[in-house]
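S.K.: For the protein sequence lines, the chains are V and B, in the order given.
Heads up: the first sequence begins at 1 in the working numbering, then just goes up one per residue.
Heads up: the second sequence begins at 112 in the working numbering, then just goes up one per residue.
Just so you know, the hints here were simulated from the structure itself, not pulled from any lab data.
Given the structure is predicted, the values throughout are model-derived calculations rather than measurements.
Where a beta carbon is used, it is the ideal one built from N, C-alpha and C, also for glycine.
Any given hint could be a false lead.
Stated by the list, open to error - Which chain V residues face chain B? A few, computed with CB under 7 Å, are given here:
id, residue
1, TRP7
2, VAL15
3, ASN32
4, ALA40
5, GLY43
6, LEU46
7, SER94
8, ILE95
9, GLU99
10, TYR101
11, GLY103
12, PRO104
To be verified - Cβ pair distances, simulated, as ranges:
id, chain 1, residue 1, chain 2, residue 2, range
13, V, PRO14, B, ALA164, 29 to 39 Å
14, B, SER129, V, GLN70, 28 to 38 Å
15, B, TYR162, V, SER67, 25 to 35 Å
16, V, THR10, B, SER129, 18 to 28 Å
Claimed, not checked - Stretch by stretch, here's where chain V covers chain B in the computed footprint (C-beta under 8 Å, at least three residues):
id, segment
17, 147 to 160
18, 216 to 225
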Amino acid sequence: SQTIHQWPATLVQPVGSPLSLECTVEGTSNPNLYWYRQAAGRGLQLLFYSVGIGQISSEVPQNLSASRPQDRQFILSSKKLLLSDSGFYLCAWSIQGIEQYFGPGTRLTVT
Amino acid sequence: EDQVTQSPEALRLQEGESSSLNCSYTVSGLRGLFWYRQDPGKGPEFLFTLYSAGEEKEKERLKATLTKKESFLHITAPKPEDSATYLCAVQATGAGGTSYGKLTFGQGTILTVHP
């Protein structure tokens, strides 16, 4: 069966510091991968998606970037965090772009 | 632009009191409508996919239905463990049949079931 991991689970970072969040998927090959942000525990906003290694598409221009160095690894990064980057970050995977299955999430607080 | 509106924002029920959650959507062409359950501090858990008007899916006390403009999540005889935020999302058929699967989410309905 498929499993999706995210780490860290929680993170507190000062403004201006760098960020790296990691997501890995097990039990499947060539998945579509997604990064979402959820503010105030409600609606999800799609940030990035990837249909293959090295292929990244951005949905919202912002302070963040994403990379996919391996088939089942997706990384969300920032060079300098802003207060507005605080939120709950969720990684998801799908096959053929249909149902998406989410990871446990990372709670990021920028202070 | 695709839009999803969920109502009510919050719903409080007594155990055993059946009710429905609404998801209204606007999309150029619907590829699929999805329901998720989210517990506090956790990632959304997939519940159902509906593809065409008239389709219904059931899982335990939950039943999802779909029309051309909205979907309902019916909860029959709910229990306290059904308390969660329920999220609705749509996936549109993009120009050229995109397969990357962008989901547009509603804001969710917070369901609380009291014993």
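S.K.: Can you give the numbers of the hints that this structure goes against, from lowest to highest?
M.R.: 1, 2, 4, 8, 13, 14, 16
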